[in-house]
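Which chain is which? The protein sequence lines are A and B, in order. Just so it is clear: in the first sequence, position 120 is 120 by the working numbering, and no numbers are missing. Add 281 to a position in the second sequence, counting from 1, and you land on the number used in the working numbering.
Since the hints were made in silico from the structure, they are not lab data. Among these hints, one or two may not hold up.
[To be verified] The list that follows gives simulated cross-link-like pairs (lysine to any residue, SDA-like), each with its CA atoms no further than 25 Å apart:
(1) A/Lys182 with B/Arg635
(2) A/Lys182 with B/Glu327
(3) A/Lys239 with A/Ser120
(4) A/Lys182 with B/Ile628
(5) A/Lys242 with B/Pro631
(6) A/Lys182 with B/Pro631
(7) A/Lys239 with B/Lys409
(8) B/Lys409 with A/Leu43
(9) A/Lys182 with A/Gly168
(10) A/Lys276 with A/Ala263
[Stated by the list, open to error] Residues of chain A clear of chain B, computed beta-carbon distances all greater than 12 Å:
(11) His20
(12) Pro41
(13) Met56
(14) Ala88
(15) Cys89
(16) Ala91
(17) Gly142
(18) Glu145
(19) Ser147
(20) Ala162
(21) Val179
(22) Ser216
(23) Phe225
(24) Arg257
(25) Glu272
(26) Leu278
For clarity, every value in this text was computed on a predicted model and none was experimentally measured. Positions of the beta carbon are idealized from the N, C-alpha and C atoms, including for glycine.
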Amino acid sequence: MHSKPKALWLQGLTCNGNSHSFLNHPQLGILMERFELLYHPHLPCTLSLEAVVTCMHECDLLLFEGAFEPTMRRAGVALERLLEHYGACAAQIVAVGSCASFGGVFGSSGGLDAQSQAWSEKIINLSGCPIHPEWLALILSGFAEGSAFALDAQRRPKALYAHLVHHGCTRNEYFEWKVDAKGFGVNEGCLYYDQGCRGVLSHGSCNRILWGGVSSKTRSGQPCFGCTESDFPRRDLFKTRKNMSIPHEVPLGVSKRAYLTLAGIAKTFTIERLSKDLMDD
Amino acid sequence: MIERRLIERIEGEAELEFEECEGRVAYATIRFEHMRGMERLLLGREGRDALVLTPRVCGICGHAHLMACVLALEDAYANAGHALTLSPKAQALREATLSLEMIQNHIKWWYLVMSEELYALRGFTPPKESALRGAYGAQIINRAISALAGQWPHNSYMIPGGVTCDPGALELLQAQTALFEATRFVQETLLGMELERFLSALTCKEITGIQSDAGRVEAMLLELGMQEKGRAYDRFAVLGSHGFAAPARLRGTKTYKIDPAQVHTEAAITLRGESMARNALYRGTSYETGPLARALQRGDPLIKNMHRRFRDSTYTRIFARLYECALLLERTAALLRGVVLGEASWIEPPPIERISAEGVGIVEAPRGPLIHRVRLERGIIAAYEIITPTQWNLASAPRERPGPAQKAMEGLHVSEAAFVFRSFDVCSVCTTH
Ligand code: SF4
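Next comes chain B alone, as it looks inside the complex:
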């Protein structure tokens, strides 16, 4: 018998289909029904139009799409013999707003998804104001993005050669003040401790039993045994190069080289019906991507400790996201402090009409590596391909080699499996785009 479960509130929906054996998941598949066909919409347009359209793939990580897009266009410039140089200021601003978007994603995921689901799984009603707290934290961060990039969601302030904005002391202060306010919120309400203390913790013990939203979530996770559940392959991939991440393949904590050209996709397989999604693989093998992958690549002490004890369990995965949120708050503040206002925002590149070349842009998005591949012919888009992070994590593959989320659900009761599935931070709209 196949049991189905509709998973909603994941930036759209997915359907999980379970084959059970004695009440436990033997094999699960993941089906995404909706697709919009973004790549097709881009064909025949001037290259820079993609800076406006591709952010519309996703309402929560559109800024990551913008950055992957601008990097792909700049790579095409380089491959056409016109390597562009960016000012340090433009680079810092791009990295800062990308990080800010990631922070607001993690805050929303924590409050609007994970903690709501966790309370429900424990049979409690979540505190009424909990979701609003998440919206508040995210809203403050989005004000910081707006101060620099004009608005959020859906700005297009990164363009080949730099950024469109030229912030003065005032705009920078607006962003910094918002970041400060969000940091205070995260410290007082979410973590129940200073960022520094959380980030320098070496063991779980140092963060257990704190009176805070994180403390309450941790207690519930332990009650549910989530430190033993939701393990996938303990195999990870990071592809973006940032201050907060470097490309690597990992088995456990051991790192190996990775070559982005070896990333490919295949059609997703489901028990019933058709999925619009495609699985992302590296040389035929699936890898988990996202905050846990990045935490192990960076070697964050607290997450490494959790990983040593609980491997790639749901518990570890959830805390890796929280850790990254705290880490990025600290690093983004440092990035903004380093911005030299007098530097150029934009260095004019040759007209795009002169560019006939391919380009690849890779960034780390909230859920992992995001790849944009473009081919320009005299500046016009002749081909465009987007591979999103959720295509790795939520791959729906045959039972001999299930994808990471499929693997993580095996052996669990259906209701727990659905929760574990969400611990990957599911985004329906990105998966199919």
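Next up, chain A with everything else stripped away, as it sits in the complex:
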């Protein structure tokens, strides 16, 4: 029998949101059976934190959550020292969440991969504030299987981040016909024009792999805040910056001219069905 790969979950400055989100995976038990869990902030594991910080152990997979602050100490040992040791022995390092990937809410000096050239090639960034449990499950299963993932320029797995949050949003048709939401608390209309939605500008699978298997921010009327991108948290999260009533930023990879042309045409039509409440006759 092969011994199971050893996984270690280490935290920098964090809210624990990613570790809690991961606990929401419906098949958590089956998933974790494939690993020997050395340390996790909530799940039963083989080492205490005090044993982890002795750096007398080795891991195959390092899961790092939170912003990396080199001088911050865990159980009295500097994070820099812990990362140096476990980063070196791990075959793969997963930056779990946006703080670890890019600095996020709590980081002041960028993501993990900015910290050391030596192992930046081993890093997979799983951005998101927090991550969806299935995103991490994909990486864990891949690691256990020995499969490699194609990564984008920011070292995020394309399988998850090649898509935009916009893909699969229930408001897509309103986006196409330039019908804006008449405020919050409605299922009709797109949130891109006034409410600050960044779905067309953010990589992620929130509307493909639903949260809790049932919903997402935009499905529940919240604008996408772009939490998977390196500039999260941006400012003025509930409004759209506009120039002469045109959104300042147009969808990713679409030229302003192309966007304006199409938007201009779409706006010349009034689609009755889309201007009514969904529940109206």
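Place chain B with the ligand on chain A using the hints.
Chain B with the ligand alone, transformed into the frame defined by chain A:
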């Protein structure tokens, strides 16, 4: 000699420092080392940005932060002369998802913290699947939150004027089905009896000796004498107004008035080193907050009975959390049944740029009252202050007037003291935020 103990798996870490006398704790202090400075991150931002950022204080009670934040913003609106009215539907949904978050917190605390520690303290290995059971129960509840609020953790679906979602019959059913499944889990696995029977029990006798996870925990608590240990001041504070709680100060079961404006903080004191935490006090006096405080305020018969016999012991404190979990399951189901789908989700408030005022938002979070105070200048955050429930319970104060958890640890052996400390449901990230 000072003995130190690192307490981990508490949403971060804390260090307990003990001064002992003949092997027993004479004085204990609590040190939190990490701080992120959330309040500072908010300055200069548009007020509503706080709805996105403040939930990130905490991965397990972020939704309580969201609600405290939205109430603070709405209070600022009111103080600026624009009192907002919410639809009953928006109010019910807010209260429902807040309660759901509390339920999943209590389930996780029970399985992933208390029962694991209790087995260890008794020298047993906990059953392998025990922690996963807790994760399962919590996961189902979080599906219910997601059906209404989009996701958990870290949604921002409460905004001034109401909620962003407009659930239909389908979304409501998804939430109700999840709640039903979680209730079944709690009845069959955790309690070993119907919610109704547990909630209407009048004495400990009616729940003792049941074959269930709660029954096993109860037996171990009694074996350890936890009904006699872990007593603090028998003094409690509740500040939030909900269907499940009303503001009050309590000495034992006697209630007194409370004025949230009298809540203040002071720097924490430790035997060695520096703590990043601040103690929360009411007019210079410390109070215990959380499920036990709320249970006594509500007058839950079973918890009152336990309290009469064992006062504010660790046993009583632990069962108050379990009781609240059951109570909220029942009440949240009733709240969701009462939701009228056709009502408005959101009533548009004046633009936030017009608001220059202070506001206070108070909710009961899983561990007690959570206070957000904001000052807006033309809609921009000029000041923000957060006071969390753990700042009350885990206050680390001078030996003449120790905080509730400090007091509860006095006279115990160190390993028991660490367990008693955890019975307060410690959250490191909230304490310092
Ligand atoms: S609300 Fe956002 S994600 Fe949905 S269609 Fe509009 S832009 Fe795309």
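**Asked** Looking back at the hints listed earlier, which ones does the structure fail to meet?
**Response** Violated hints: 3, 7, 11, 12, 22, 23 and 26; rest satisfied.
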